[in-house]
Structures are given as structure tokens and as C-alpha cells.
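Sequence lines, in order, name chains A and B. The opening residue of the first sequence carries number 1 in the numbering used here; numbering runs sequentially from there. The opening residue of the second sequence carries number 615 in the numbering used here; numbering runs sequentially from there.
Honestly, the hints are just simulated from the structure, not real lab data. We put the CB at the ideal spot given by N, CA and C, even for glycine. Some clues are possibly wrong.
Partial selection, computed: residues in chain A whose CB lies under 8 Å from chain B [claimed, not checked]:
| no. | residue |
| --- | --- |
| 1 | R7 |
| 2 | K25 |
| 3 | L29 |
| 4 | V31 |
| 5 | D33 |
| 6 | Y36 |
| 7 | P303 |
| 8 | L304 |
If you want the footprint, here are the derived chain B segments under chain A, 3+ residues with CB under 8 Å [unchecked claim]:
| no. | region |
| --- | --- |
| 9 | 950-959 |
| 10 | 990-1001 |
| 11 | 1030-1041 |
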Amino acid sequence: MENLNRRTLVVALIYISIGIAFVIKLFILQVYDPSYKFSAESNTRREIINYPARGLVYDRNGTLVVSNQANYDLMVVPKELKPMDTVSFCRALNISKDELKDLFNEMRVKIRNRKISTIKPSIFYKQLSAEQYGYLQEKLYKFDGFFVQRRTLRKYEYPNAGHILGYIGEVSPSTIKKDDYYINGDYHGINGIESTYEKFLRGKKGYEYVLVDVHGREKGAFRDGRFDIPAEAGKDIKLTIDIDLQKYGEELMANKIGSVVAIEPESGEILSMISAPSYDPSLFVGKKRAGNFVELSTDSLKPLFNRPIMALYPPGSTFKPLNALIGLQEGVITPQSKFECYMGYSVGSFHLGCHHHTSPLDLRQSIAGSCNAYYCHVFRDIIDNPKNETVQDGFELWKNYLVRFGFGYKLGVDFANEKRGFVPNHKTYDKIYNKSWSSLTVVSLAIGQGELLTTPLQIANMVATISNKGKYFTPHIIKEIENDTIPSKFTQIHETGVDTVNFRPVIEGMELAVWGTGGNTAGIARIPGIRICGKTGTAENPHGEDHSVFVAFAPKDNPKIAIAVYVENGGFGSTYAAPIASLMVEKYLKKEIDPSRKWIEKRMLEGDLIHATK
Amino acid sequence: MPQNNSYIKSIDWLTVFTYVLLVAFGWFNIYAANYNPENPVFFDTSREYAKQLMWIALSLVIIWVIFMTDSKFYVAFSYFLYGLSVFLLFTVIFLGKEINGAKSWFELGPVRFQPVELAKVATALTLSRLMSRYDFSFKKRSNVLRVGLVWILPIICILLQNDTGSALVFFILVLPLYREGLSGSILVFAFIGAVVSVLTLVYPNVLILWLIIIGIYVFLSLKINIKLVGYTALVGFIGFGLSYLVFRIIGKEPRWDLFTLLAAVFISVFLAVKGISKRLKPVLPALLFMWGGIAFTISTDYFVEEILSEYQRNRINVLLGFKDDPLGAGYNVNQSKIAIGSGGILGKGYLDGTQTKFDFVPEQSTDFIFCTVGEEWGFIGTSVVVLLFMFLMIRLIILAEKQHSVFSRIYGYCVASIFFFHFSINIGMTIGLAPVIGIPLPFFSYGGSSLWGFTTLLFIFLKLDTNRGELIR
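Could you put together the complete structure from these sequences and hints?
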């Protein structure tokens, strides 16, 4: 009997231990571990996302530049899939059976890798064409588990300004991590203003909550839609660019490599910013984006490279007006100062050449004729000014002027990938020359050569500053944001530390460069009826033909446009850059080109520096 | 039939009351599982809860019939019932209606009937009758063979119906056999072997190692004196605690599996010393078994983790229902855990569940009815249900032990064990402790066939119990 009782006890113990295990597990499940409570939420309440229309983009004159087009993604909820007529499914999508198989395999792989959920919708087939959508919409009821999600894609009204506008694309996992607004499959601005002003343009996603059963069947609004949040359309923005000018500039720059930056001096607004070769922003819309992107990014001419803010060139002779200004401000020269030029600048065995011109020249003439020797004198006088104790001090003084003119640092334009350029300081040379160097050692800086590197935008800003007589606003592309203000950094005035009075002779020199009767370097830039001031430049290119550079502003009094044009391998400034700059100024100020200048326009439009050199 | 006061008194009303509670609470939950908050119709006769009410009413008729029948009938007709049920189990393979992949239903007009329910009753009765013969002993080979045959025949038929879940129920009849003298080691080996191999796939080794140690401990506590048992436990904890302290001091991450192993070593050394000095026989097999189990656990784990390919491992896990396979069984378990887990301590309130509406949980009024309990009644509700079942089962063995007739005793054990199996597997699967095997929760799950089956099982025993002082032959 004793033995039997023990067996009874064993059986009872087995029963009881299971009972205890259950109570413990239930305690963990229901009381201790909160995770199941949250899962339950997402289970019954399905969140339906309504994507808002993205903000529209206008140019400075209110012309629509970027709008939206409806687009449809075919979504799938794998759990809801049922056996279906694959033949008619293929026909609806106009794809082959193998392609459909691939799509399903892709989905299965993603499920296995936990990339997508089986009970939540994910993209099955991206960006249906209009026909696909129309055909599918009728047949959709036959295919359980599929539905169509409306999204907005961009529509570009002009094939221009690709670099400025940027494009939109699917968010990357790292972006999702940084900003919890996004979920997998969302679109966002990737480059240009689409990226910079993403927060305004994107609007606010709307959420609708519906009750669903496990098959994903909607059972009506959740709590009568009490928690629904309507979508908010993105804010429209107005850009500072003039789309017609942009378009014209791009046409002029066709078949050339280079940049054009035009700025409205009184506001810092960028009127146009061209990177050549350019591309049609529509190439980045929809399904064809991936393919086009690969093609453009592997192109040897680097069309995706945004040259106005990323390309670095030595500024060349366009830098001379700035050196003149520093000389005047430092009092080492007066507008009347004259320097001899013996086919260049010679000190002992040192010789820096110049072209043939009359000598000596005064300040105005030196700008007009772009005399190298003149600026070697000016530059050395600035550095070696007795008020500076050492050459280092003198150099820092000079360098600080450059910085105040916006060189050496990012200007802060509304593009993320702007380059800062390079302005050497005395430490640079201390290192190179082991502290024993003089103003002569670095005299090539006088004519904008040497270690100096600037972006076309910085040069354009310098011209705008000169035309403004010493003040500038950070160049920017945003003019207005709907119901909002543009970033305050664009409305803050920057001073350069050069007195207004000193600008007059320099501006007159630049006027003379275009309009002078003898010794002008840019007569080709003359526009009937517009007092345009300019300065040619030639950026030395060790790899081939020099780059043609021209900076200008117009009109002389109360200037409306300042412009910098870079044409790579374009030779002298007056060959390509000056005509293009003057044509753009004329186009902007007079809306059309004077008949007397049509031949220049034709030559520029037809000029081909890419295929000729190849 | 004596319908007097003493007869009424001889009925174990405590069990009857538990039965009524379970059936009633079950019905309320079926009502909740069918209730649609979007369309709150108070009573819709086409719904499952209305039908269940009918099945409950019919159960009352069954109960009445059982009480009207003489206890001797069940002994006398047990072989006949067994023969009939095996016949039905066999014919259903050919004539049955296939539901959920199993051909285990007879359909007679509006009524569907599962012969396996009858087979449970008949097999329990037949085993009871076989083993209650005065000369019965497991030492006789012919007896073992007979019992084995009676046992295995329905299992084969049910497996042929492709109704694995129901077939498994019969294996639990090993418990009554054990009670009647089947060697305990068979029970322990079978049980631990099955449990360990399943558990190693799911839980960390620590847990299983502890299970083995505790198992051995329980085994020893039945064999050797209680003082030694206490010391053994102490030594085990010292081993565990010491190793934990050492890790704490050197500032390493605790390795629970290592600590457990050390505890096992301590226990082994202590028991070995004591065992040799005091000549305790059970110590050696216990130690061998413990280390065998530990080796088995580690090697199973190693085999699964290292030797099987990812694909094969997944297959095993999915097969057992442990793998979170969103399109397969894992989905059900996950949904069910979400439903139960979302109930919290007090539950969301009756009819206020969201998970058990809209078919989130599959089979929500049959196999997964426990989810409704969990969601709407919370931890309070689920633990009350668990306790009610525990009470019922323990009560049944206590009653069984009081029987003068061996037949009644064995039958009582059969009934308790069948309830136990359904209870453990059904609730176990809803909370992810057991593989998903579609068997109903007694008295709770919707369905006439299972309700009648369990009612019959229980009330035949209660009928026998009214004659507990007599020898029923």
C-alpha cells in the first residue's frame, strides 16, 4: 500500500507541476512581459497611410517648375494571398510568367530575411504605368492580397536645372534611423532643393485607422475615425532662379564643360546656376531612375558633378580687382598709382610674364588690360607694408580680406555638398618653405594663381560684392516658402571691410575692360544700351587648354545681375566665357538678344568643346 | 434504480459543481468569441454559442442516462463498446468526412460525430476491466501483450485517419498503467526522453539541466530518507551559489548553464560519497540517469545546432510548432500569445476583447478558446481555469483511490489522465509551451462531440463512484 501511495503521489505531482508551469508562464505572458500588449495594438488597428502631395516649386517669376504626377505602386499583403489566375495577373501587369515568378521569389526572400512583414503591406511592383494601373484596377478584386497605393512622383516642367532641383527617391535604412517620420518605402528628396527643403516640401503624412480582422479585411473606421489624422500637403516654394535664364544658359553651355552662376547683387539671390554638362531632371523620375542614374554617374564628363559649388579652380585674373581693392584699402596704392611693366614682372632672376601693352598703367587701365606686373607690385606692397612686422603678418592681413569676401570657407548656399575651396595661410608656406619665404615667393597669388582654389559660386559672389561696393548676402536659391520664412542666414548682410569709396576705381576699371577704346580685354561683352562691367580670366590648366573665365555685372549703377562664367578648356576669357556671360546678362536685362549680337549667340550655341577635343 | 436521498448524497457533488462551472464558463467564452461588437446581436440561433447550448442540453440527457444505468453494465459491456469503437474508428477511415485534413468524422444529417470520443471511453473501460482481474500483473507477459494490444489498436486506426492529435491522447494512459504497477522507469524514461528532446530545441540548456536535476531529485526523494534529500538540495545550492559568487567576484558574465553543471557535480559527489558509505541502492542509477540526461541534452543541442543544416533545423522547429513561421503554425501561436498577453492582470472585460474577435486567433471557439479567457478575463481568469482543472484532476485521483473496486480506480485514473493530456496540450499550445496539436480543451471548446465525450467519461466515473464501497464485476 505504501508503494501504491507513492505512485499516486507521482501522478499527482505530474499534474500539479504542469499546472504550476502554466500559471508561471501565464504570469509572464499576461503580467510581466508588456510586449504582447503592443503587438495587439497593431493587430486590430490597421494604419492606412495617405501620402500628401509634395510642395510645388516655382521660379522667381512664379512660373511652375516642378509639379506632381500621380503614381501607383502595387502593394501586397503576403498573408492574404490566395491561389489566383496568374495568367490574367501577368496580362494585367503586362509581364511574363517568369517575371512574375521572380517577383514572388523576391517577396519570399524578403519575408525570409524579415525585411517585410507578412501581415503588413509592402511594395510588390513599383510604379505602375497608366495602362497597367487602368487594367489592374478592374481586375484587382480577383487577386486577394493585392491593392494599389497612390503616391506622388515629381513632374518637371522644364528639362533644365537638374542640379538645382535634385530628385526624390526611396529612403535608405540609415535615413529612417535618423528621422522616424519615414518608414520603409517612403520617398524623400535626395539632392538639390528637394533635399534641402525636404521638411517643407514633404508635408505631413495622413493616417487613417481602420479595424481589420486577421485576413486584413477592413471592418470599418476605428472608433469612428477619432484618431485619424488628415494628410497635410507640402509647402510650395519659390526659387530665386529665373527658369528662362537658366534654360538659356544651359543652351549656351551645351557641349561645353563648365559653370555659370548669376546672382542678384542687392539680395544674394541666385538667378541661375548652371553646371555643364547638365541633365534633364525627368531622367530621375520613376522606374527609369536607377538605369539613368548609373548611366549618368559613369559618364566620363561627370554630368552629376555640380560644378558651380563643387568644382575648384584657381581664380586667375578675375582675382585682380580684389587685390586692387585690398591695396587701396591698405593704402599702398591710390587709383593714380602707376607701375611699369616690362613684358612682365622681374626681380633679379625672377620673371613673371605679361602680354604686350602700353606701360606704365594706372589702376583702371591695369584692370582693363589685366596687367600681371601691376598686381605683383600691389600684392608685394600689401604683404611687405612696413606696418606688418613680418611677412607672415602681412600675409594673414591679406588672407583675412579674402575670407571676408567669402573665400576659403563654405558660403552657406542652400546645397549640402558645397565645397569650401582653399585659401592658404602663412602656416601653409611656413611648412613648404621651412619658414623662409617672402612676398616674392608667393607672388603668383597676385594674379590668382598658386595654391588658391575657389568655386565658381565664390567668384560670382565676389563680383556681386564688388558691384554692391562691399556688401553681400549669402547666395541662396530659396526665395519664399509658403507660410514660412526663409532661413535667416540669407537675410543677414556681410561686410567686407573695404570702404565703399575704394570700389569706384575698381568698378571703373572693369567698365574699361569692356568699353575701353585701347587695351580692353573684353570688348566682345559689350551690350548695346547696358553699361556692363567685367573682367576676363584664364584659369591655368596643367592638363590641357586653359579654362576660359569671365566675371561681370550690369548695369554699372544699381546693378541687377552679377555673373561668373567658367568654360573648361575654353582658352582666353574673351573666347567663350565673356560672350556667354554677356549674352546671359543681355537676356536677363533685355529679355532678348540685340540683332547686332545674334552672330555671337549663334557661335556660342554651336560651339562644341567636347566632341571637338575628343 | 434507487432514487432516494442516500443515492443523491452518494454523488460527488463537488466534482459535479466543478463540471458545471467549467461548462458554463466555457459557454460564456464561446459566446464572446462569436460576439461581433460591430453587430451586437444578443442571441443569434445560427451562431456557435446557440448550438453549444443545445449540446449542453443534450449532455444533461447523457448524464441522466448514465446515472440511470447500472454500474455493472460498464464492466459487462466494456469489451463490446471497445469492439464497436474500433469498428467505427476503422470504418470512418473509409466513410468519414474529411475536416481539417483528418478523416475522423461521421456525418449523419445535421449531427456530426467523432468515433474517437467513444473510443476514449471504451478503451478506458476495457483497460480497467483487463487490469482489474484479480490475477493481473505486469510480470506476466500475456497480460502485458493484452494491455498493449488494447492500447495500440485504436492508436493505429486514429493515425490512419490522419488525426495525430487524438492518437497522442491515448499515450497518456501510461499514467494509469504506472499507477497499477508498470515500472516507473519506463514512465520516467519515456517522459523525459520526449520532453528533453523537444525542449532542447526551444529552451536554453540551463532550464533543461535544471529539469533533469529536479527530476532526479524528486525520484530520490521517493527512495531515500528525507534528511539526506535535504542535504542533497543544500549541497546543490552551495555548488550553484559558489560558482555564481566566483563569477561575480571576477566580474564575468554569469554562465547559468555552467553553474547548473557545477551544482550537478556537487550533488553527484555528495550522493556518491553518501551512497557508498550507506550502501544506498538507488543512488547509482539516479546518478547514471542524471549524467545520461545531461549528456543527452547537450548532445541533442549540439546535434541540432552544429550538425543539422539551417534548413533541417527549421523544418524540425516548424514541425513542432515552435518556429515562428508566419505563414504556418507559428503564426497561430503568435496570435494566440498576443491575445492572451494583451489581457493583462484583469483582462479587457467580458466581450471587450479585440484579438479574439475578427478571427485574429484561428479556431478561436474550438482549439484556441483559452485565448478568449486570457484576453477578456486576464491572468485572474486564466489562473482560475488552470486551478479548476487542477482541482478536478486531483479530485478524480483522490476519488479513484477511495474506490473499493479496482475497476473503478483504474477507470478514474484513465479519466483524470485524459483530461490532463487535453488540458496540458491545449493550454500549453496557446501559450507556446506545447506544440500546436489540435485537440480541444475539455468542456470549454465548442463542439458537441467533444463535450459529450468528456461528459460521458466523467459521469461514468461519477456513476461508478456512487458504488465506491462495492465490488463491481
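The hints, checked one at a time:
no.: 1; hint: R7; in the structure: 5 Å, holds
no.: 2; hint: K25; in the structure: 5 Å, holds
no.: 3; hint: L29; in the structure: 5 Å, holds
no.: 4; hint: V31; in the structure: 5 Å, holds
no.: 5; hint: D33; in the structure: 7 Å, holds
no.: 6; hint: Y36; in the structure: 3 Å, holds
no.: 7; hint: P303; in the structure: 45 Å, violated
no.: 8; hint: L304; in the structure: 41 Å, violated
no.: 9; hint: 950-959; in the structure: holds (count 9)
no.: 10; hint: 990-1001; in the structure: holds (count 6)
no.: 11; hint: 1030-1041; in the structure: holds (count 6)
Checked against the numbered hints given earlier, the structure breaks hints 7 and 8 and satisfies all the rest.
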